[in-house]
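Colleague: Taken in sequence, the protein lines are chains C and P. For the first sequence, the numbering used here gives the first residue as 2, with consecutive numbering after it. For the second sequence, the numbering used here gives the first residue as 928, with consecutive numbering after it.
Hint data in this document are derived by calculation from the structure and do not stem from the laboratory. Every residue gets a Cβ at the ideal spot worked out from N, C-alpha and C, and that includes glycine. Hints may contain errors.
Quick list of simulated restraints, FRET-style, between CB atoms [to be verified]:
#1 C:I109 x P:L971: 26 to 32 angstroms
#2 C:G151 x P:L989: 38 to 44 angstroms
#3 C:V116 x P:G986: 42 to 48 angstroms
#4 C:S140 x P:V956: 31 to 37 angstroms
#5 P:P980 x C:A157: 19 to 25 angstroms
#6 P:K968 x C:T64: 31 to 37 angstroms
#7 C:A149 x P:A999: 26 to 32 angstroms
Subject to a maximum C-alpha distance of 30 angstroms in a straight line, what follows is the list of computed DSS-like cross-link-like pairs (lysine-lysine) [claimed, not checked]:
#8 P:K979 x P:K969
#9 C:K144 x P:K1010
#10 C:K143 x P:K967
#11 C:K143 x P:K968
#12 P:K969 x C:K51
#13 C:K143 x C:K153
#14 P:K979 x P:K968
#15 P:K967 x P:K979
#16 P:K1010 x C:K143
#17 C:K153 x P:K1010
#18 P:K968 x C:K144
#19 C:K153 x P:K967
#20 C:K143 x P:K979
Covered stretches of chain C (chain P as the covering partner; in silico rule of three or more C-beta atoms under 8 angstroms from a C-beta of chain P) [what the hints assert, rightly or not]:
#21 93-99
#22 129-136
The residues making up each chain are set out below.
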Amino acid sequence: MGTFIKLYPLHPERSIEWLTGAIALLWGALALSFPEMFESQLELYGGMLKIMPQPLWGLMAFTGGLVRLGALYVNGNHYRTPSVRVVTSFISMFLWFCTTVGLIGSGIPNLGWAVYPILMLGDLWSVYRASADAYEANSAHKKLTEVAQGMKGVRATNT
Amino acid sequence: MSAPQTLNSLSSVDWNVVAGAIATFIVTVWVAYTGRQSAKKKELEQAEQMMKPQAVLAGATLQDNVTLMHQAESIRSLIDELKLNRNTQERLITHTQELQIEIERLTRAVSR
């Protein structure tokens, strides 16, 4: 949390990514911790089980969330990872898409109908942002490399 | 897996979900591409903005250079005119001196 508070003012545009990443991580952890959850509420989660088994849901969400939060922490602080952010945003969006389809497919009205589509749209926006960041970061890195090479050349001619 | 089993598993696939997943994939790829393009456009605009003051400075310097060149040309033509003037003056002096000598000679002839 301290990291989040420290990073937030630096990259406020990434708050949606932090939010959906944290939700995916906890979501996956819950799905892995309670392996009977989907089967015990088959009416609600039957549609999701048709898509893939619960451990796979849990694994996808947990791994995706973990990698995403890691990439968000690293990006801009230690190394350039916007490409990882693009991929994990994409995975996260796919997760929310499957969840939405699964919950709607159950045919039972539930509050997930209101939440997951919005998370999906949020991640669509994250894909856009991360993709733009990836271009900016790569472009800036390329320019810096050119400048560094130019300076090396100047030093070599001076010595 | 035998052929009937394969057919059964294929029939259990919800093709609407598959179509939705494919559509979502395409939309996401398009959004990622749009994001990249917008960043590219923004970078170009920023580069143009950064270039503006330099372009103005370069234009002003060029204008100054042109003005200086015109001034130099005017000065050169003035110098040429001055030289011509000087030559004319010198010739005038020579003629005046010759005229003076002639007048003196004529005066001497009349007084004899």
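Colleague: Are the hints correct? Go through all of them and say.
Modeller: Tested hints:
Under the hint 26 to 32 angstroms, the C-beta atoms of I109 of chain C and L971 of chain P, about 51 angstroms apart, miss the expected range. Between G151 of chain C and L989 of chain P the beta carbons are some 27 angstroms apart, a value that contradicts the proposed interval 38 to 44 angstroms. For the hinted restraint 42 to 48 angstroms between V116 of chain C and G986 of chain P, the CB-CB distance of approximately 58 angstroms leaves it violated. Evaluation of the 31 to 37 angstroms hint for S140 of chain C and V956 of chain P yields a failure: the beta carbon distance comes to about 21 angstroms.
Here the CB-CB span from P980 of chain P to A157 of chain C is close to 32 angstroms, at odds with the stated 19 to 25 angstroms. A hinted range of 31 to 37 angstroms holds for the C-beta pair K968 of chain P and T64 of chain C, which are about 34 angstroms apart. In this structure the supplied range 26 to 32 angstroms is violated for A149 of chain C paired with A999 of chain P, their Cβ-Cβ distance being about 44 angstroms. A distance of roughly 16 angstroms separates the Cα atoms of K979 of chain P and K969 of chain P; the hinted pair therefore holds under the 30 angstroms criterion.
Note on K144 of chain C and K1010 of chain P: the hinted pairing is violated, with a Cα-Cα distance of about 59 angstroms set against a maximum of 30 angstroms. A distance of roughly 14 angstroms separates the Cα atoms of K143 of chain C and K967 of chain P; the hinted pair therefore holds under the 30 angstroms criterion. A hinted pair counts as satisfied when its Cα atoms are at most 30 angstroms apart, and K143 of chain C with K968 of chain P qualifies at roughly 17 angstroms. A distance of roughly 44 angstroms separates the Cα atoms of K969 of chain P and K51 of chain C; the hinted pair therefore is violated under the 30 angstroms criterion.
For the hint linking K143 of chain C to K153 of chain C, the alpha-carbon distance of about 15 angstroms falls within 30 angstroms, and the restraint holds. The straight-line distance between the Cα atoms of K979 of chain P and K968 of chain P is roughly 17 angstroms, inside the 30 angstroms bound, and the hint therefore holds. The suggested pairing of K967 of chain P with K979 of chain P holds, with an alpha-carbon distance near 19 angstroms, which does not exceed 30 angstroms. For a cut-off of 30 angstroms, the pair hint linking K1010 of chain P to K143 of chain C is broken: about 62 angstroms separates their Cα positions.
Among the hinted pairs, K153 of chain C with K1010 of chain P is inconsistent with the structure: their alpha-carbon atoms are about 57 angstroms apart, more than 30 angstroms. Our distance criterion of 30 angstroms between C-alpha atoms is met by K968 of chain P and K144 of chain C, whose separation comes to about 17 angstroms. Note on K153 of chain C and K967 of chain P: the hinted pairing holds, with a Cα-Cα distance of about 28 angstroms set against a maximum of 30 angstroms. For the hint linking K143 of chain C to K979 of chain P, the alpha-carbon distance of about 23 angstroms falls within 30 angstroms, and the restraint holds.
Closer than 8 angstroms: that is the beta-carbon criterion, and the segment 93-99 of chain C has 4 residues meeting it against chain P, so the requirement of 3 holds. Judged by the Cβ-Cβ criterion of 8 angstroms, the segment 129-136 of chain C is covered by chain P as claimed, because 8 of its residues qualify and three suffice.
Violated hints, listed in ascending order, are 1, 2, 3, 4, 5, 7, 9, 12, 16, 17; each of the other numbered hints is respected by the structure.
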